[in-house]
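In case you want the letters, here they are:
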Amino acid sequence: MAVATSSSQVLNNVEAVRATLYEALKNDDKVLILGEDVGNRGNVFLITKDFVKEFGTERIIDTPIAEASIVGIAVGMAMEGLRPIAEIQFADFIYPSFNQIVGEAAKTRYRSNGEYTCPMVIRTPYGGGVRGALSHSVSVEALFYHVPGLKIVVPSFPADVKGLLNAAIDDPDPVLFLEHKKTYRLIKGEVPDGHYVIPIGKADVKKEGSQLTVVSYGLYVHWALEAANQLESEGMSVEVIDLRSVRPMDRTAILQSVRKTRKLLIIHEDNKFGGIGAEISAMVAEEALFDLDAPIRRLAAPDVPAMGYAMPLEEAYMSSPAKMADAMREMVKF
Amino acid sequence: MATTITMPQLGETVTEGTVERWLKKAGDPVEKYEAFLEVSTDKVNSEVPSPVTGKIRELLVQEGTTVATGTPIAIIDEVGAAKASAQAKTSETPAEKSGEPPKSRDAMAESANMEPVPGFNIPQLDVKSAAASSGTPTMFPPKSNGQREEAALRGVSPAVRRLAREHHIDVRGVRGSGASGRVTADDVLAAAKLTPSGAATAAPTEAPRAPSKPGPGNTSTYADPIPGTTIHLSSMRRIIAERMIESRKTAPHAWSMVEVDVTNVWEWRKREKDRFERDTGVKLTLLPFFIRAVVESLAAFPLMNSKFLTEGPSIYVEKDVNIGIAIGLPANLVVPVIKHADKLSIKGIALAAGDLIERARKNKLTTDDLKKGTFTVNNTGANGSFASAPIINAGQAGIVTMETVVRRPMVQDDDSIAIRYMMNSCLSLDHRVVDGYVASGFLADLKKRLESMGPRGAL
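Chains as they are written, first to last, in my numbering: chain L, 1 to 334; chain S, 335 to 793.
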């Protein structure tokens, strides 16, 4: 339970994003926001509500429904010294900008031999469990994490949202900042006041345990914690690691934990094939095979094209604390 | 249920095996993992454990018969729900197939009411010519009972393998607390706490067993001797016993001892050992220095490198100098041989000995490793012995020991007293081959060579 202190306040994830963006706009004239409905509409989740009144239409830019342009323009701004924060209204709409992200933003530093960098953030709400159906539920991290030159951040706690968003804005290279929309108002937590940074690429052990390492990110960290607490009441000890960044990946934290517990369960909302879990399990198999006392297991979405709208379809696609607890139990007892 | 036992494949390239001896006869009860026959091949000799608990229905192959691997050799009527191992194929008898009641109804009923066999034989893996036993610390004993190991090791995780190797635990002897009785990493660590390092194994617990009670007829094992019970010898231990008797009976043993100042060798070794271990991965002990001195002394006293032949009778003076090293293992003794030790430098001897010792501990010696010894060195001092009277390896003229090295005040040539590293070396000799004259000459020579070594020599 989050408790506000004199130097912190309790925020949900929407408020944490909003507060961080506001501070960034206040502190640095070079920071600007562009995207669909970020101006007068104030973003569909009201994250940028009234920003346009204070910072004007030159820094809070409403764009057409043209994602390739949003990112492409931001790339140009970033290369010329601004600090654009591009918003893709829903991650499901990010595909038109794929070339701008992968082909331009991620390669700018390399292509120009360091002469140009691309210090920009692409923020986008992602994830399911909100009856979002085909075009408001996707997880896109695996589509991008193959790409060197791009950082991908997926925070799940309000304090991490603030620290990592600050890090993303400060970063000299492009950062894809994924916000799980189901956590937006569901998850509240204490957020320290003032400017602080959580380094990108650092995982966080959200719960310590000795019998099983669970690695997750996004909404599922919260569910994994719920399941781990359930197991604790049954006498089992599960460690839950919140990756926070999927690239760079905190190999040290994962390996350290796996070497302790000797068992690894990776849980993500994205589907299994070629997902983040595939990379983690390959890495652990390469680095820590002789510490493993059980096969690595991935609990992930089925390989179907999308999350259905019908409740049973969404439930079948999504995991749940109960499903996670079952998998954890099996692994602890293995 | 009837389980057909087939000739196991004892070794990768082995295609057939000989039923050396049946340890059970038809009608005998047999417990899972209890040895019930001995099989020999050109490579190994092995006791074969029963994959099931039950009663021997029929022995299909006579003793001394050689059959191809996979050939059915016995049928066991299984009792209870014990599962057949991978080695055994469960088959219906014709009677069962045709829907008739099994013929051996009485036998089965009897089996069901059968008294549990008291005690429990640890599955013995005995390679006659190589080192082996259930007590040997190893994860992967030779393939001689391959399929059974495979079954036992199924589900062994990489972590368990590594921990078992590090702690010298035989996983087959660890009670599994995981799913379906799987041995977990924690199980291995728990077993390691109970087991002194190096002295391998807990008794297998896969099958529940009645605790052995003292009394005639009750058995225990060499690795876990229980007072008031009988240990049935593995073929390995039988061979050790036979060889010892043979040597003691035929070779009249005489004994002598010298005291050697090994201070210089000790310094030499101390100076070299860290670099040596870093460069070669082998620990530099006193053994290679000692063996080097021994082979030089054997060159000076060729009669010590000879053997007595009853045909003739005659003495054959060996051409080669092949030094056997006695290595004690928890459940037996092996003497692998450094061939042509006289042609090796101290470093060469150290590497050869290091290799043999490591493979002995891992149970990976080959038949060739154990052959052609002409003289034996026994490092009895490793366990703190101050003097010992070893039995000669049959077919050799002598065996010499390295006793423990102690620091002692010694009166020097100039009447001063110095603290010196002192070691006794004991020689047992075949008095048919050499007399005290040669033997003491050999020992004095050995002493002189050791004392004139180092401390600034080259390996």
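A few of these clues could be false.
[As the list claims (entries may be wrong)] Here are a few chain S residues that face chain L, going by a calculated C-beta distance under 8 angstroms:
| hint | residue |
| --- | --- |
| 1 | 491 |
| 2 | 510 |
| 3 | 515 |
| 4 | 516 |
Worth flagging that the hints you see were computed from the coordinates, not collected in a lab. Even glycine gets a Cβ: it sits at the ideal position worked out from N, Cα and C.
The hints, checked one at a time:
no., hint, verdict
1, 491, "holds (5 angstroms)"
2, 510, "violated (11 angstroms)"
3, 515, "violated (12 angstroms)"
4, 516, "holds (7 angstroms)"
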